[in-house]
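Position chains B and C against the provided structure of chain A, taking the given hints into account.
Chains as they are written, first to last, in our numbering: chain A, 1 to 289; chain B, 1 to 527; chain C, 1 to 331.
Please note that a few of the clues may not be correct.
To be verified - Some chain C residues well away from chain B (every beta-carbon gap over 12 Å; in silico): (1) S13; (2) I79; (3) L229; (4) N242; (5) L277; (6) I313.
What the hints assert, rightly or not - According to the in silico footprint, chain A covers these stretches of chain B (three or more CB under 8 Å from chain A): (7) 400-406; (8) 453-464; (9) 494-508.
It is worth saying that the hints were derived from the structure and are not from the lab. Keep in mind it's a predicted model, so treat the numbers as computed, not measured. Backbone N, C-alpha and C define an ideal beta-carbon position, used for all residues, glycine too.
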Amino acid sequence: MFNDEQHYLLKLYRDRVARRSGLMLLLILALALAAPIYTPQNPYDLAQLNLLDAKLPPLHHSPDGAIYWLGTDDQGRDMLSALCYGLRTSLGVGLITTLLSLSLGLLAGLVAAYSGNYIDSMLMRLVDLQLAFPAILIALILLALVGQGIDKVIIALVIVQWAYYARTVRSAALTEMRKDYITAAICAGYSPMRIVLIHILPNIIPTLLVVASAQIAQAIALEATLSFLGLGLPITAPSLGLLIANGYTYMLSGTYWISLFPGVVLLITIFIINITGDRISALLNPRLQ
Amino acid sequence: MKIISQISRQLTGIVTISCLCLTSLSLSAATELRIGLSGEVTSLDPHHLASQPNLTVARHVFESLVDVDTQNRLIPGLALSWRAIDPHTWEFKLRKGVAFHDGSPFTAQDAEFSLQRPLQLKSPSGGFAAYVRAIASIRIIDTHTLQIKTKSPYGALPEDLNSILIVSKKHAVNANTDDFDSGRAMVGTGPYQFVRYQRGDRLELSRFSGWWGTPPAHDKVTLRIVPSDPSRTAGLLAAELDMIEHVPSADIKKLSKNNQLKVIQATSWRTILLHLDQYRSPSPYITDLNGSLLSKNPLQDKRVRQALSFAINRLAITERIMEGLGMPAINFVSPPSFGYQTTLKPETFDPIAAKQLLTEAGYPNGFQLTLSGPNNRYINDDQILQAVAQFWTRVGVRTTVEALPMSTLLNKVRKEETTITLLGWGSFAADLAIRSLIATTNSEKGYGAWNWGRYSNSKVDQLMTTALSTIDRTKREALAREASILAIQDVAIIPLHHQVVSWGLRSGLSYTPRTDEFTLAQHVTIR
Amino acid sequence: MLRSPILIRISHSIITLFAMSIAVFLGVYALGNPVDLLINPQANQIERAQMITQLGLDQSLWVQYQRFLSAALHGNWGISFDSNTSAWSLIVERLPATVELALCAMCIAIIIGLPLGLIAGLHPSRWYSRLIMNGSILGFSLPTFWVGLMLIMMFSVWLGWLPSSGRGATTNTLGIPLSITTIDGLMHLILPAINLALFKLSLLVRLTKSSTTLAMLEDYVRYARAKGLTEHTIIIKHVLPNIAPPIITIIGLELGGLIAFAIVTESVFSWPGMGKLLIESINMLDRPVIVAYLMMIVSLFIAINLIVDTVLIMINPRLRKQALSLQSSLA
Numbered sequence: 001m002f003n004d005e006q007h008y009l010l011k012l013y014r015d016r017v018a019r020r021s022g023l024m025l026l027l028i029l030a031l032a033l034a035a036p037i038y039t040p041q042n043p044y045d046l047a048q049l050n051l052l053d054a055k056l057p058p059l060h061h062s063p064d065g066a067i068y069w070l071g072t073d074d075q076g077r078d079m080l081s082a083l084c085y086g087l088r089t090s091l092g093v094g095l096i097t098t099l100l101s102l103s104l105g106l107l108a109g110l111v112a113a114y115s116g117n118y119i120d121s122m123l124m125r126l127v128d129l130q131l132a133f134p135a136i137l138i139a140l141i142l143l144a145l146v147g148q149g150i151d152k153v154i155i156a157l158v159i160v161q162w163a164y165y166a167r168t169v170r171s172a173a174l175t176e177m178r179k180d181y182i183t184a185a186i187c188a189g190y191s192p193m194r195i196v197l198i199h200i201l202p203n204i205i206p207t208l209l210v211v212a213s214a215q216i217a218q219a220i221a222l223e224a225t226l227s228f229l230g231l232g233l234p235i236t237a238p239s240l241g242l243l244i245a246n247g248y249t250y251m252l253s254g255t256y257w258i259s260l261f262p263g264v265v266l267l268i269t270i271f272i273i274n275i276t277g278d279r280i281s282a283l284l285n286p287r288l289q
Numbered sequence: 001m002k003i004i005s006q007i008s009r010q011l012t013g014i015v016t017i018s019c020l021c022l023t024s025l026s027l028s029a030a031t032e033l034r035i036g037l038s039g040e041v042t043s044l045d046p047h048h049l050a051s052q053p054n055l056t057v058a059r060h061v062f063e064s065l066v067d068v069d070t071q072n073r074l075i076p077g078l079a080l081s082w083r084a085i086d087p088h089t090w091e092f093k094l095r096k097g098v099a100f101h102d103g104s105p106f107t108a109q110d111a112e113f114s115l116q117r118p119l120q121l122k123s124p125s126g127g128f129a130a131y132v133r134a135i136a137s138i139r140i141i142d143t144h145t146l147q148i149k150t151k152s153p154y155g156a157l158p159e160d161l162n163s164i165l166i167v168s169k170k171h172a173v174n175a176n177t178d179d180f181d182s183g184r185a186m187v188g189t190g191p192y193q194f195v196r197y198q199r200g201d202r203l204e205l206s207r208f209s210g211w212w213g214t215p216p217a218h219d220k221v222t223l224r225i226v227p228s229d230p231s232r233t234a235g236l237l238a239a240e241l242d243m244i245e246h247v248p249s250a251d252i253k254k255l256s257k258n259n260q261l262k263v264i265q266a267t268s269w270r271t272i273l274l275h276l277d278q279y280r281s282p283s284p285y286i287t288d289l290n291g292s293l294l295s296k297n298p299l300q301d302k303r304v305r306q307a308l309s310f311a312i313n314r315l316a317i318t319e320r321i322m323e324g325l326g327m328p329a330i331n332f333v334s335p336p337s338f339g340y341q342t343t344l345k346p347e348t349f350d351p352i353a354a355k356q357l358l359t360e361a362g363y364p365n366g367f368q369l370t371l372s373g374p375n376n377r378y379i380n381d382d383q384i385l386q387a388v389a390q391f392w393t394r395v396g397v398r399t400t401v402e403a404l405p406m407s408t409l410l411n412k413v414r415k416e417e418t419t420i421t422l423l424g425w426g427s428f429a430a431d432l433a434i435r436s437l438i439a440t441t442n443s444e445k446g447y448g449a450w451n452w453g454r455y456s457n458s459k460v461d462q463l464m465t466t467a468l469s470t471i472d473r474t475k476r477e478a479l480a481r482e483a484s485i486l487a488i489q490d491v492a493i494i495p496l497h498h499q500v501v502s503w504g505l506r507s508g509l510s511y512t513p514r515t516d517e518f519t520l521a522q523h524v525t526i527r
Numbered sequence: 001m002l003r004s005p006i007l008i009r010i011s012h013s014i015i016t017l018f019a020m021s022i023a024v025f026l027g028v029y030a031l032g033n034p035v036d037l038l039i040n041p042q043a044n045q046i047e048r049a050q051m052i053t054q055l056g057l058d059q060s061l062w063v064q065y066q067r068f069l070s071a072a073l074h075g076n077w078g079i080s081f082d083s084n085t086s087a088w089s090l091i092v093e094r095l096p097a098t099v100e101l102a103l104c105a106m107c108i109a110i111i112i113g114l115p116l117g118l119i120a121g122l123h124p125s126r127w128y129s130r131l132i133m134n135g136s137i138l139g140f141s142l143p144t145f146w147v148g149l150m151l152i153m154m155f156s157v158w159l160g161w162l163p164s165s166g167r168g169a170t171t172n173t174l175g176i177p178l179s180i181t182t183i184d185g186l187m188h189l190i191l192p193a194i195n196l197a198l199f200k201l202s203l204l205v206r207l208t209k210s211s212t213t214l215a216m217l218e219d220y221v222r223y224a225r226a227k228g229l230t231e232h233t234i235i236i237k238h239v240l241p242n243i244a245p246p247i248i249t250i251i252g253l254e255l256g257g258l259i260a261f262a263i264v265t266e267s268v269f270s271w272p273g274m275g276k277l278l279i280e281s282i283n284m285l286d287r288p289v290i291v292a293y294l295m296m297i298v299s300l301f302i303a304i305n306l307i308v309d310t311v312l313i314m315i316n317p318r319l320r321k322q323a324l325s326l327q328s329s330l331a
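Chain A on its own, in the form it takes in the complex (with noise of 0.2 Å):
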């Protein structure tokens, strides 16, 4: 058991590549989470905003001597500072989402999994509906349903997403339960609460990273697809998603900042999460490389 997870732990880190954009992921982590502490100005803060600084172009100043390194937004709003920020803020949707749904998705696979019978019949059919939509139709008609909020917007994406952890998590855990220890920890009268948790749970983290890492990139994107269309978060703490909507009015007026510096961040985000995902799985399912 311990071997099994210190091998695919290890062979991470022994890969190059993996090793390399795991810390790019690790830097823009790090640079999201410690927004706060040395960007110039609060976005989110109101009173920290002047319209009189209102769109103006990179490298420009500002009235207390401060350089806007990457110009203002239509609020005056730095657009370093929003990055930072609304970096922090796309990010935290999509690991909370993921925490929230890869928990909802083990919960529901595992109990599918163990139960079998019509139990599992039925989730999976459940499953099933749900993954036969497209992830953008469901958010959609959830968000109109029950309105803005970040917090709302998080249920929409669990929603969406829960069931690709659930199948995943379920077939997992039926190769899994073949095999021979998990029949010999059966006949060796484990509670099956013990051999769910202790036995099978650790086997199945690798195929869990896999889906997890792409789903990170998945909740991440839908989130800024539906801030785009407008259904997303509110606007005074906007997310990457919701900057780019913002500057697209002024793309073809050339304040290109407002929209080219969030949509750059976004892509390369998006872009490591999933060359690192990328990388895990060939990692881990060496028959698909």
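Just chains B and C now, with coordinates in the frame of chain A:
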């Protein structure tokens, strides 16, 4: 001899054919105008939904009895003249020699039918009924004279009739929306006739040669529906469109600098204002800085309302956010409109006075509230909300912004879940605006239907009702002005600015900007 | 006969349809009262009450649902509040535009994605294969709306080659207005189709690559090589026919998703399809249209799945399992 006659016959043939070719060539050099509209057209039925996009397209094919010029002043339309022969009766003399697109003559029958249709529409209709509600009965005197009796003396009847478009009784009797959308019932008296409609995409029109007015400059008009701001601008830049309405404020500078294009603007009839919850105490969503509910509603104190108004830098909003597409306001209606008063000026930006007033009123540390508004209805509405929130937060009133799609917002307002709400209002006359916006709510009479703050001032109500029942326009305007001044001094609402409406066109075209924001191809001329 | 897998699937589909109709109806009911948006600002409370009765919004949920269901079974999905025409006809009117866009996008994805994936799968360690694979990651990392904006900026504004929005001129083919048949239509179609195709293209590249790699490891390839066949022949005669069915299956199953996913592209490019109609209806609280759209999508999904399943069952039931496992490995 035979040869000569043969040759001459052939020559005649050739000459005739060439003449025909040349004429058809010059005829086929038809001028086409492609306009990019900014709102979604939901139906071609002119009595279905009173939305700007629907009315815009309808006004190419249909006309009303009373028209308005570019300054929102009433001018003869299909009615040459009108007057009140007694306080309850108006007589309309109709224009003669007007033909519908199918050739049949326009008569009082069609007018009567069109005025009655909004009330008779079986389908859920978008409220044109409000414009004909004051009518008690219609009497046809002769083929070109109509008498309308109102339930009570009503001076604003001509204004209301501007919104009712006249359809052909023959084609529209028993017609439903499908008949209009397919073109069957699209028979009007307007300068253009229906050619083809592709929902969500475009409406194609061609010039009606039998129109009674000066022939418009363009033979063919294509009204393209492009609600996406960047797409509309891109279309103009790429010369796919000759003209667009509502130039996005972000693109005004860029388009103005372009040599091949020009941007024209005019003050619109729409005023952007804030409704303040003035009827509940405590107000459920106003809290102190720690989050606990305030026992009294601060907005009921005139000083607080005044302070909030002083705290807003209207010039910054119109310059920075609206890019000039706004004019700081103090009135309910915009400058050219009936009832506009010049005694009071727009509030100056004075955050110090604001803080002082707040302290005087007992809120030295301010308080917290939520500002709600639409994010898809007016020019830069969500940005205006954010800017106002910024200004208020700086004087101590911590503001959270709630920007929602209009439908969701209206829902919330109906459930009384908002505190301060943004609204945009367009009206011909100040008394009509007061009737809807701040008159004491009375569902029977239809007063205060949009009085979201439930402001109630009996003196203002009195002045408003007297104004509306005054037939004499000078007396009526004076009363309207008086009512406005009274309400403004009491800070019934906080007016922000009047919208400035804009169009982008090719340099070779010319259009006089209209206060009522309508884009009408028949008035686009070639320089 | 009752146990026939096809019939079982059909009955499942019908049950699903019903369940969805209830879910959809209930969900949309919570959206609130749309009357406000349809009233002229000057209307009074009495007129409002009249409209509520006219629209049937004052009845209980159950009664409203019954009316909805009975009307639906007669082919009447309600009258759109906004345009006062049958909600169903509104959707059907816009259907060709969306399907045209989706099919074009799918074609682009297949034409570009399959060969690229094949190449990457045949020589996975070469530099161009790694480029293709990393490119595919980039492809599905880019948010669709952002790509759309960039495409408009580049090809419409800067270069001026292609139109920035809307659908081109259409001709009636077999009674359906299609814009792909005209040059103008094609010009308007290119950018949105590319935009929509990008995501699926990237996924298809990865899918094809992993299928190819797996297939190349199979025994039959080894035997073919032992027999002395050229790589070329092996790929075309043996590998392709084996990897094609599951891929085609997935393409078929994904088509429904593509139609729904077109919402974003349609918004950016103002493409007059169903997706754009949905967004407008959500904003206008036009309940009948939202319900009609959802039911249409559900029906499409179920129909496509049913067809694909039936075809597979008739040909080779194992293929479905293969396809599903491939699909899940990608999810």
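- Query: Does the claim that C/L229 lies off the interface hold, with its Cβ farther than 12 Å from every Cβ of chain B?
  - Reply: Answer for C/L229: holds, closest chain B Cβ roughly 54 Å.
- 8 Å C-beta test of the stretch 400-406 of chain B against chain A, three or more residues: holds (count 6)
- Least C-beta distance from C/I313 to chain B larger than 12 Å: holds (39 Å)
- Message: Three residues or more, CB to CB closer than 8 Å: is that satisfied between the stretch 453-464 of chain B and chain A?
- Response: It is violated: at least three residues are needed, and the stretch 453-464 of chain B offers just 0 whose Cβ sits closer than 8 Å to chain A.
- Item | Closest CB of chain B to the CB of C/L277 still more than 12 Å away | violated (7 Å)
- Query: Is the nearest Cβ of chain B still more than 12 Å from the Cβ of C/N242?
  - Reply: Holds, since 44 Å exceeds 12 Å.
- Query: Is C/S13 truly not at the interface, in the sense that its beta carbon sits beyond 12 Å from all beta carbons of chain B?
  - Reply: C/S13 is indeed farther than 12 Å from all Cβ atoms of chain B, at 31 Å.
- Given coverage of the stretch 494-508 of chain B by chain A, tested with a Cβ cutoff of 8 Å and a minimum of 3 residues: The restraint on the stretch 494-508 of chain B is violated, since only 0 of its residues have a Cβ under 8 Å from chain A and three are required.
- Query: Is the Cβ of C/I79 farther than 12 Å from every Cβ of chain B?
  - Reply: violated (7 Å)
Comparing the model with each numbered hint stated earlier shows that hints 2, 5, 8 and 9 do not hold.
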